[in-house]
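There are 4 protein chains.
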Amino acid sequence: MINVTVWNEFRHEREDEEVKAVYPQGIHNCIKDFLSKDEELNIRTATLDEENCGLSDDVLNSTDVLIWWGHCHHDKVPDELVEKIYNRVMCGMGFIALHSAHFSKPFKRLMGSTCSLKWRDGDRERLWCILPSHEIAKDVPEQIVIPVEEMYGERFDVPTPDELIFIGWFSGGEVFRSGCAWNKGLGRVFYFQPGHESNPTYHIPEVQKILTNAVHWANPNFIADEIECPWVPSQEEELLKETLRSR
Amino acid sequence: MINVTVWNEFRHEREDEEVKAVYPQGIHNCIKDFLSKDEELNIRTATLDEENCGLSDDVLNSTDVLIWWGHCHHDKVPDELVEKIYNRVMCGMGFIALHSAHFSKPFKRLMGSTCSLKWRDGDRERLWCILPSHEIAKDVPEQIVIPVEEMYGERFDVPTPDELIFIGWFSGGEVFRSGCAWNKGLGRVFYFQPGHESNPTYHIPEVQKILTNAVHWANPNFIADEIECPWVPSQEEELLKETLRSR
Amino acid sequence: MINVTVWNEFRHEREDEEVKAVYPQGIHNCIKDFLSKDEELNIRTATLDEENCGLSDDVLNSTDVLIWWGHCHHDKVPDELVEKIYNRVMCGMGFIALHSAHFSKPFKRLMGSTCSLKWRDGDRERLWCILPSHEIAKDVPEQIVIPVEEMYGERFDVPTPDELIFIGWFSGGEVFRSGCAWNKGLGRVFYFQPGHESNPTYHIPEVQKILTNAVHWANPNFIADEIECPWVPSQEEELLKETLRSR
Amino acid sequence: MINVTVWNEFRHEREDEEVKAVYPQGIHNCIKDFLSKDEELNIRTATLDEENCGLSDDVLNSTDVLIWWGHCHHDKVPDELVEKIYNRVMCGMGFIALHSAHFSKPFKRLMGSTCSLKWRDGDRERLWCILPSHEIAKDVPEQIVIPVEEMYGERFDVPTPDELIFIGWFSGGEVFRSGCAWNKGLGRVFYFQPGHESNPTYHIPEVQKILTNAVHWANPNFIADEIECPWVPSQEEELLKETLRSR
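Protein chains in written order, with numbering that gives the first Met the number 0: chain G, 0 to 246; chain F, 0 to 246; chain L, 0 to 246; chain R, 0 to 246.
Hint data in this document are derived by calculation from the structure and do not stem from the laboratory. All C-beta atoms, glycine included, are put in the ideal place defined by N, C-alpha and C. Hints may be right or wrong, so weigh each one.
Claimed, not checked - Calculated pairs, DSSO-like style, for lysine-lysine (alpha carbon to alpha carbon, straight line, at most 27 Å):
no., chain 1, residue 1, chain 2, residue 2
1, G, K107, F, K19
2, L, K107, G, K83
3, G, K117, G, K107
4, R, K240, R, K208
5, G, K117, G, K36
6, G, K137, R, K117
7, L, K117, R, K208
8, G, K137, L, K19
9, F, K107, G, K83
10, G, K75, G, K137
11, G, K36, G, K19
12, F, K137, R, K75
13, G, K107, F, K240
14, G, K208, R, K240
15, F, K117, L, K137
16, G, K75, F, K83
17, F, K240, G, K117
18, G, K240, F, K208
19, F, K208, F, K107
20, R, K208, G, K240
21, R, K137, G, K117
22, F, K36, F, K75
23, G, K117, F, K117
24, F, K137, F, K19
25, F, K117, F, K107
26, L, K31, L, K240
27, G, K107, G, K240
28, R, K240, R, K31
29, L, K83, R, K240
30, L, K107, L, K83
31, L, K107, R, K208
32, G, K75, G, K31
33, L, K208, L, K137
34, G, K36, G, K107
What the hints assert, rightly or not - Calculated from the model, a selection of chain R residues having no Cβ within reach of chain L, i.e. all distances over 10 Å:
no., residue
35, Y85
36, R108
37, L109
38, E227
39, P232
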């Protein structure tokens, strides 16, 4: 079983009728619902206004893959929690940042760059898959048309992705590296651009497929207790001494 | 002219006779001396115990490439200064981290990872060039033997380098990605492993060649004032309106 | 099930008593034996001296992952067969090149480079894993000591690997990118350096683990019938016409 | 001085009035003219219908950077010449493939992949620069609008570029990795998508800037005589013997 925690800011869906109409139970529960069809996944949710943002040490330390959606209240996430998330990724936890989470504290901490971009509401996106052999692209068509989506445009100020899987085309004239993967520490990080709160993007089956694949891809080989910086003895010196003794 | 600032912790060379014998004027002045042979470079130095660590806003904002050597007192560099350095790299400044600067605050901030490794004093290193077509490898031989150098061994916990230029071999049995390059923001970052304070590594002509090349490589195309995240209008909508009007 | 075909030159093991002692049934059958412990794999073998090198169209077109070991008789493999292998990789088939297969025709065709290197028999290798989060590194220790192995040394003249997973250390002073992965067409290619015919390298459990993992990693999402270069109509023009009609 | 040879198929411009109107002296001379403004460049041209395709051994062996434009007559270039070009790139020569040269023999030989794509005449392109710190992007704006250009769309079946510098947006709905760089052998390869024969793309100052930058970037550190695969002695064994003798 892969232990997945879906974190959501969960403010828009309670405060804005338009958003509530699209995600009545919140974006996190929409994601939980479609992920739950995969029997290998064990899924919890956590939100900003819960105690400890819903991410107690117990929850975090039993999470294999953390999915993050945030937008207007990135600053409400305590720095101490951000550091714990960062450390857990270093030790192996997968991290999937969705849409406006490009500016979330954990993602920026991991990227070590500004994560800036261009933006505009209410565009139309064509999402092109350029690496169909990737795990995240399995059973995903070469193009997904998203009728209404917030435009995010280049330059996306992130480190060069280790793998660029999707490029977005927007009707207003922009392009975007919409699906990017990085190795970070012992963990894996995936950023996926579609998913504005007022658009029903997470109801699209192909998007659900991508995110389900991403969870499997981000599931770690193992999670270390800590990352050390050890002094180590020479291994060859012992061999040399043996050689010397034997002559 | 490329404005280079060589930053050095400059404690070992004042406190330890063995180190002072190797670098009587400090590592920074040794580096300044060999870089000065390149007439395109305009070189300043800065050290930990100067006011503002020698890096006033004026100095930092007129630096194109910052070279950094630090070891035992990384924590003495104020977080506020680290953030200024980070921001300047985002805007285009080059950053070259030397040896134990793998654990310096600016480098860790830029990498977004632990930068851990294995280590052991007093090994012998063979530095292999695996990308001889790179600017940093120009006129550099395929192998440089460093008679005594501190071993740094894998796993080096950094993001996958955009370019891996040198791999180190150590007599004790380890390997290391000893010369790594990354694009970060509008800037370029180079990490170079050799250069322990008690070894005369920076006196080796081939090492000097590598670092001189690295300064040219890291010199930015331009330096931006800031990195914005702007709303932008659709460019195509205007074209569509024109098309509609013309029919 | 993943259909794996293990191809072997199979001359050394029949002509050289020393090699026969190490691999009495041939390298291909040694590999087949350890892969057979994985119930998801369906394994066949093929050798140079069989009809069509054992790779009829039927065999090739039902192969998901092709493993290749060759050394002294690369030139005996017909160019026509090489082109069929290349085309099948373009369409998705995985290809795993072992040791001296760095100079095999299919590998050189896929790399588009000379694949040259330095070499020397009878060295000792330490194989370091630098990307433990990779599928191929799952359950593999950070270091594998191979008591006797042929040295392959840098510069390894291959395109920059998409993923560098293992670096080899040799007692004679060299390093090597010993485990490299590339995306090629719709297929995935893995090169693994250890495995000289007179050394019992493929009997080492950790090496067996790596190759078993590599088969799973190289197993394609899908295999296409052919790679086309099609003219496509504008999708947006139709939308524009609809917009114009509706106004 | 950098010795540049601009190769052109030079058939369209002689056979098609529309193309002749755009490039009266041929695409090669248009490129030669704007490159000639750079005093560091020494420029020759060569065309398909000259003897040896204009690329005698003397010409090829004194070329530092070869620029290639071809379209309908790729098959007229002899395989023997292709192999010579390939070998020279392995030894260090830069190679810049323009537009429909994606299907040229030398480019396909170097890529080791099909280089297929989608296409459609007469679209409008927005070329976005996503790596402004790259040498090829120096003094290039973040967006270049090309009023009429042939659409090339993903999936572009090339190996993952070592550096992705430009992404093209097309009004018909497609995206393309329009500016890609690879290290190949000791040489550097750049592919640039804009430049259909009937469009005045090479008259656009920003495009001229990109190609001039690309020549400098592709200029090799050095050109080797050949790429060998040598046996080498152990360097450490001698050191070990000395150690043994001295004890």
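Structure-based check of all given hints:
Among the hinted pairs, K107(G) with K19(F) is inconsistent with the structure: their alpha-carbon atoms are about 41 Å apart, more than 27 Å. Between K107(L) and K83(G) the alpha-carbon distance is near 46 Å, which puts this suggested pair outside the 27 Å criterion. About 16 Å separates the Cα atoms of K117(G) and K107(G), which keeps this hinted pair within 27 Å; it holds. For the hint linking K240(R) to K208(R), the alpha-carbon distance of about 58 Å lies beyond 27 Å, and the restraint is violated.
The straight-line distance between the Cα atoms of K117(G) and K36(G) is roughly 35 Å, outside the 27 Å bound, and the hint therefore fails. With a C-alpha separation of about 21 Å, the suggested pair K137(G) and K117(R) falls inside the 27 Å cut-off, and the hint holds. For the hint pairing K117(L) with K208(R), the CA-to-CA distance comes to about 40 Å; that exceeds 27 Å, so the pair is violated. Distance hint between K137(G) and K19(L) is unfulfilled; the C-alpha atoms sit about 42 Å from each other, more than 27 Å.
Distance check on the hinted pair: K107(F) and K83(G) sit about 16 Å apart at the alpha-carbon level, within 27 Å; holds. For the proposed pair K75(G) and K137(G), the alpha carbon gap of about 36 Å is over 27 Å, so the pair is violated. In summary, the hint linking K36(G) to K19(G) is supported, as the alpha carbons are separated by about 23 Å, within the 27 Å threshold. Of the supplied pair hints, the one linking K137(F) and K75(R) is violated, its CA atoms being roughly 37 Å apart against a limit of 27 Å.
Our distance criterion of 27 Å between C-alpha atoms is broken by K107(G) and K240(F), whose separation comes to about 39 Å. Distance restraint check for K208(G) and K240(R): the Cα-Cα separation of roughly 61 Å exceeds the 27 Å cut-off, and the hinted pair is therefore not satisfied. At most 27 Å may separate the alpha-carbon atoms for a hinted pair to count; K117(F) and K137(L) meet this at roughly 21 Å. About 23 Å separates the Cα atoms of K75(G) and K83(F), which keeps this hinted pair within 27 Å; it holds.
The hinted pair formed by K240(F) and K117(G) meets the criterion: a straight-line CA distance of about 23 Å does not exceed 27 Å. Proximity of K240(G) to K208(F) is assessed by CA-CA distance (about 37 Å); at most 27 Å being required, the pair is judged violated. About 26 Å separates the Cα atoms of K208(F) and K107(F), which keeps this hinted pair within 27 Å; it holds. With a CA separation close to 62 Å, the supplied pair K208(R) and K240(G) exceeds the 27 Å bound.
Pair hint K137(R) plus K117(G) holds up; C-alpha atoms about 21 Å apart against a cutoff of 27 Å. This hinted pair does not check out: K36(F) and K75(F) have alpha carbons roughly 32 Å apart, beyond 27 Å. This hinted pair does not check out: K117(G) and K117(F) have alpha carbons roughly 41 Å apart, beyond 27 Å. Distance restraint check for K137(F) and K19(F): the Cα-Cα separation of roughly 31 Å exceeds the 27 Å cut-off, and the hinted pair is therefore not satisfied.
Restraint check for K117(F) and K107(F): the C-alpha separation of about 16 Å stays at or below 27 Å, so the hint holds. The straight-line distance between the Cα atoms of K31(L) and K240(L) is roughly 59 Å, outside the 27 Å bound, and the hint therefore fails. Pair hint K107(G) plus K240(G) does not hold up; C-alpha atoms about 49 Å apart against a cutoff of 27 Å. With a CA separation close to 59 Å, the supplied pair K240(R) and K31(R) exceeds the 27 Å bound.
Annotation: proposed proximity of K83(L) to K240(R) is violated, straight-line Cα distance about 51 Å (limit 27 Å). For the suggested pair K107(L) and K83(L), the alpha carbons sit about 14 Å apart, so the restraint of at most 27 Å is met. The hinted pair formed by K107(L) and K208(R) fails the criterion: a straight-line CA distance of about 35 Å is larger than 27 Å. With a C-alpha separation of about 23 Å, the suggested pair K75(G) and K31(G) falls inside the 27 Å cut-off, and the hint holds.
Taking the CA atoms of K208(L) and K137(L), the gap is near 8 Å; set against the 27 Å cutoff, the hint holds. A threshold of 27 Å between alpha carbons decides the hint, and for K36(G) with K107(G) the separation of about 31 Å lies outside it, so the pair is violated. The Cβ of Y85(R) does not lie farther than 10 Å from every Cβ of chain L; its closest approach is about 8 Å, which violates its non-interface assignment. At the 10 Å boundary, the C-beta of R108(R) falls inside the reach of chain L, the nearest C-beta of that chain being 6 Å off.
Under the 10 Å C-beta cut-off, the non-interface status given to L109(R) relative to chain L is violated; the minimum distance is some 5 Å. The claim that E227(R) lies off the interface is violated: its Cβ sits roughly 6 Å from the closest Cβ of chain L, which falls inside the 10 Å cut-off. Not every C-beta of chain L lies more than 10 Å from that of P232(R), the closest at about 7 Å, which undercuts listing it as non-interface.
Violated hints for the displayed structure, listed by number in ascending order: 1, 2, 4, 5, 7, 8, 10, 12, 13, 14, 18, 20, 22, 23, 24, 26, 27, 28, 29, 31, 34, 35, 36, 37, 38, 39.
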